[in-house]
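Each protein sequence line maps, in turn, to chains Z and X.
With my numbering, you'll find the first sequence wraps up at 218, consecutive numbering, no jumps.
With my numbering, you'll find the second sequence wraps up at 928, consecutive numbering, no jumps.
Be careful, since some hints might not be right.
List of simulated lysine-lysine pairs, DSBU-like, C-alpha gap at most 35 Å [said to hold, decoys possible]: (1) 209(Z) <-> 879(X); (2) 183(Z) <-> 209(Z); (3) 879(X) <-> 183(Z); (4) 209(Z) <-> 72(Z).
No lab work stands behind these hints: they were computed from the structure.
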Amino acid sequence: MTDPRFAEIESHRPYLMRYALAQLRDGQLAEEAVQEALVAALESLKSFDGRSALRTWLTSILRFKVIDLQRRIMAERVHQPLDEESEGGEEAWMDDLFDASGHWRESPQTWSNPEAALEQRRFWEVFERCLDRLPAAGSRVFFRREIAGEDTEAICKAEGISTSNCWVILHRSRVALRACLEKNWFGKETGA
Amino acid sequence: MKDEVNCREASKLLSVAYERRLTPGELESLQQHLDDCFMCRNFDSQLRFLHAASQRYRSSD
């Protein structure tokens with residue numbers, strides 16, 4: 027009687043929550059978006075043709091719910107610019123990383139056997155913590171681009187920013203994430 | 868004519884390569900820089916790892 031895919035859909039809830047949280051930065055709103063997306067998914071399960079992965083299909087439904095909620099928030103609050111930093115100098119933030127001649131102030135380290143990290147549950151906890159620490163715009167854009175694998179153009183358009191600004195946000199997020207992983211995982215791991 | 872790039876510029880090229888195709892000139896400058904700079908080679912490896920980890924995260928339970 028019950029479609030076995032109901033349980034399967036439910037199993038994607040944690041990932042969908044991460045997606046919604048990265049976009050909305052509000053647990054309650056994220057919960058609401060995911061709940062609405064799952065209900066919509068169950069209602070239209072028949073239209074899922076299995077051509078894309080279930081998770082991809084669910085994420086595309088969630089994306090619209092998130093956009094709805096973002097619009098609602100925008101309407102309620104005064105429009106907030108993306109991030110103070112992303113508006114300001116595109117380059118100033120790099121001064122912390124590079125000296126006047128453009129050399130790394132602190133060299134990126136050689137990470138030993140990074141593939142092994144992917145198999146460890148604790149690594150993913152650190153990964154999530156590092157994602158959470160990104161500035162709001164970085165978190166939204168990086169998650170959609172690198173994790174959900176969405177199109178850069180579409181993301182920039184949705185954010186209402188120029189492509190080059192979008193690239194800066196992505197670059198900055200990558201730099202921040204690699205530094206966070208190096209500090210909290212790969213740096214500590216040596217000798218273990 | 869290719870321009871010499873420093874680490875700061877190389878890091879930007881390495882990152883933006885995930886968003887757009889680099890021009891032949893950019894690729895050449897970047898490759899030349901990477902040949903001489905282990906720090907940027909490390910950064911390059913780390914970006915690849917980040918990309919792979921993100922994809923894994925998408926498909927994980």
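Status of each hint after checking the structure:
{"no.": "1", "hint": "209(Z) <-> 879(X)", "verdict": "holds (21 Å)"}
{"no.": "2", "hint": "183(Z) <-> 209(Z)", "verdict": "holds (33 Å)"}
{"no.": "3", "hint": "879(X) <-> 183(Z)", "verdict": "holds (21 Å)"}
{"no.": "4", "hint": "209(Z) <-> 72(Z)", "verdict": "violated (47 Å)"}
Of the numbered hints stated above, the single one contradicted by the structure is hint 4.
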